[in-house]
Amino acid sequence: MPLLFDTGPLYALADADDAWHERVRDLVDARREPLLVPVTVLPEVTYLLHRRLGPEVERQFVGSLVAGELVVEELRREDVARAEEVLSSFPRIGFVDATVLAIAERLRLPALVTTDRRHFAALRPRHVDALELLP
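Residue numbers 5 to 139, in the working numbering, belong to the letters of the sequence shown in order.
The set of hints was computed from the structure by calculation and includes no laboratory data.
Incorrect hints may appear among the rest.
Said to hold, decoys possible - Okay, the calculated beta carbon distance ranges per label pair:
id : residue 1 : residue 2 : range
1  : R35       : R55       : 36 to 44 Å
2  : P47       : R112      : 24 to 32 Å
3  : P114      : E78       : 28 to 36 Å
4  : V70       : A34       : 22 to 30 Å
5  : R56       : D30       : 19 to 27 Å
6  : L79       : A126      : 20 to 28 Å
7  : L69       : D33       : 13 to 21 Å
8  : V70       : R96       : 33 to 41 Å
9  : R29       : A71       : 31 to 39 Å
10 : F99       : A125      : 25 to 33 Å
11 : L79       : V132      : 14 to 22 Å
12 : R36       : P95       : 35 to 43 Å
13 : E73       : A126      : 28 to 36 Å
14 : G67       : P95       : 33 to 41 Å
Note that the Cβ used here is the ideal one computed from N, Cα and C, for glycine as well.
All chains should be modelled from the sequences, with the hints used to inform the complete structure.
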């Protein structure tokens, strides 16, 4: 089963100084599952990589997408509809997080790799009682 990623852990993988770096790296090394990235996460990750770590790190991340090291999950109309519902119920949750939840529900994934415990712990997915938040 693929590991669904939010923005924070993808950034942490690239930044050895990030507080989450080792935990995320250990998880990826131990699980050996496909790394699934919602398309809506890509602008956030690339912005942070470019701004904080530089254009070469951003390019390397894009290269990992081209090489298939990360699998991009496209957004469907049903995901956008579900995201709108989430935004109505949880006004403090942004669109990106709402779409990550919608994709997790559609794919029936029980876990999410995220550093955003506050937002995702508050959400109630339809397919499980709560998402397991990794690492």
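Original post:
Honestly, which of those hints from before does the structure not fit?
Top reply: 1, 3, 9 and 10
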